[in-house]
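*Asks:* Residue numbers (the numbering used here): 24 to 434.
Hint data in this document are derived by calculation from the structure and do not stem from the laboratory.
Incorrect hints may have been included.
As the list claims (entries may be wrong) - BS3-like mimics (lysine-lysine), calculated; alpha carbons at most 27 Å apart, straight line:
hint: 1; residue 1: K186; residue 2: K207
hint: 2; residue 1: K325; residue 2: K386
hint: 3; residue 1: K238; residue 2: K325
hint: 4; residue 1: K325; residue 2: K344
hint: 5; residue 1: K386; residue 2: K162
hint: 6; residue 1: K344; residue 2: K207
hint: 7; residue 1: K238; residue 2: K162
hint: 8; residue 1: K186; residue 2: K269
hint: 9; residue 1: K186; residue 2: K289
hint: 10; residue 1: K344; residue 2: K412
hint: 11; residue 1: K238; residue 2: K207
hint: 12; residue 1: K269; residue 2: K289
hint: 13; residue 1: K325; residue 2: K186
hint: 14; residue 1: K238; residue 2: K186
Just so we're clear, the structure is a prediction, and the values are computed from it rather than from any experiment.
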Amino acid sequence: MNIRTVQRAVAGALATAAMTAGALTVPASAATADDATGRHGRHAATRSAMEAQVRAGIPGVLGQARDAGGTWQGSAGVADIDTGRARLPQDRFRIGSVSKAFTSVVLLQLEAEGRLRLDDSVDRWLPGVVRGNGHDGRKITVRQLLNHTSGIYNYTADPEFQKLIGPGFPEHRFETHTPAELVKIATAHAPDFRPGEGWNYSNTNYILAGMITEKVTGHSYATEIERRVIRPLGLRATTLPGTSPKMPDPHGTAYTAAVSQDPGAKPFDATELNPSWGGAAGEIISTAGDLNRFYGALIGGKLLPAAQQRELQTTVSTGGKMAGARYGLGVAEIPLSCGVTVWSHTGGIHGSLTLATSTADGKHTAAFNLNGDWTGDLFALAEAEYCGKAPSGDSAARTPERAPQKVMTLR
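Let the sequences and hints guide you as you build the complete structure.
*Replies:* In structure tokens form, the structure reads like this:
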């Protein structure tokens, strides 16, 4: 999922971000000798931005950047607030909606093979699936799913579903949700707009994209992602867990504020959950290193033929919902304050907020993860890494609404 989805799911719980501003503040720590000795001084602003997230109340931050100077690893805070264990470069975490680019690559490769067209209707592959309350799959294209111009209602915005993944999370965290069930939740609501006449972030789009992948290939979207992306790139720490709630080792603890309205309550351990409610829209587990390798290959043009690469990076206006940014097919084009443009996506799922970024040539990538979901400023991390802007004072102590508004408000 994306950051805004998790924030809305937890409703009032995330509105009380102050609950952790003092209770979970822990000392920042360097992750590598290089970092500690200052030999990677060009990442000093990034290190400062990570430490600022911890001061704002996030238990721990993990980051990795790759550029012409090599690979830099950094961390701040802790992976576990009880044991004090530091976050490790090899730690795995749930990447939420960063998964969408993996799903998009598969469909773009299928188009390159002549097995489908981006302008095929959804009904061409899933006849009768998108129907009801004004939804009509005959008038929606695959392209409109991938760039969020379909108008299909976002199932994670459904009030009853938000209760399941919000206050009801402890009770329902291990339940399985099928793609058909999630689409049915969406089509019980009216569309956001007519296909192609607006932009609104909808996880339903990518659930349908996964269903189309299975219809075209005869294999699950997970199988196709593993075959077409994970194995060719050697992403050995990247997995699609399906319905399994387990996290592969090594990993830290994921902390969520979703389940309690009490500002004094300790954040809930959300490390284990059944990610089927995210499916092709957000189930993947990965590492900062694997995300950098993936984004470098993706934006660097190593996964798609030239025609499909152009499709991937053909963007549409988000109507001001991602201030200054435009959305492609599972990736967003983000202008930073220093004139640098990065291709990026955020991801949010219980206890985990993730950012993956790359410059347009694929040569400077950076990936970050926060192991708390109630505050944090991913935008500050991107600004620090690519523009050298370290946060000052309390600039990182922002509400959950603050950071996504400036960069990737993936509604």
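*Asks:* For each hint, tell me whether it holds in the structure or not.
*Replies:* Quick rundown of the hints versus the structure:
1. With a CA separation close to 17 Å, the supplied pair K186 and K207 stays within the 27 Å bound.
2. Taken as a hint, the K325 and K386 pair is honoured in the structure, with Cα atoms around 12 Å apart against an allowance of 27 Å.
3. Distance check on the hinted pair: K238 and K325 sit about 26 Å apart at the alpha-carbon level, within 27 Å; holds.
4. At roughly 30 Å between alpha-carbon atoms, K325 and K344 are farther apart than 27 Å, so this suggested pair is violated.
5. As the CA atoms of K386 and K162 are separated by approximately 39 Å, the hinted pair breaks the 27 Å bound.
6. Only pairs whose Cα atoms come within 27 Å are accepted, and K344 paired with K207 is accepted, the gap being roughly 26 Å.
7. For a cut-off of 27 Å, the pair hint linking K238 to K162 stands: about 19 Å separates their Cα positions.
8. Under the criterion of a C-alpha separation no larger than 27 Å, the hint pairing K186 with K269 is consistent with the structure, at around 23 Å.
9. Between K186 and K289, the direct Cα distance comes to roughly 20 Å. Compliance with the 27 Å bound is thereby established for this hinted pair.
10. In summary, the hint linking K344 to K412 is supported, as the alpha carbons are separated by about 24 Å, within the 27 Å threshold.
11. With a C-alpha separation of about 18 Å, the suggested pairing of K238 with K207 holds against the 27 Å cut-off.
12. The straight-line distance between the Cα atoms of K269 and K289 is roughly 22 Å, inside the 27 Å bound, and the hint therefore holds.
13. Proximity of K325 to K186 is assessed by CA-CA distance (about 41 Å); at most 27 Å being required, the pair is judged violated.
14. Distance check on the hinted pair: K238 and K186 sit about 31 Å apart at the alpha-carbon level, beyond 27 Å; violated.
Against the hints set out earlier in the document, violations occur for numbers 4, 5, 13 and 14.
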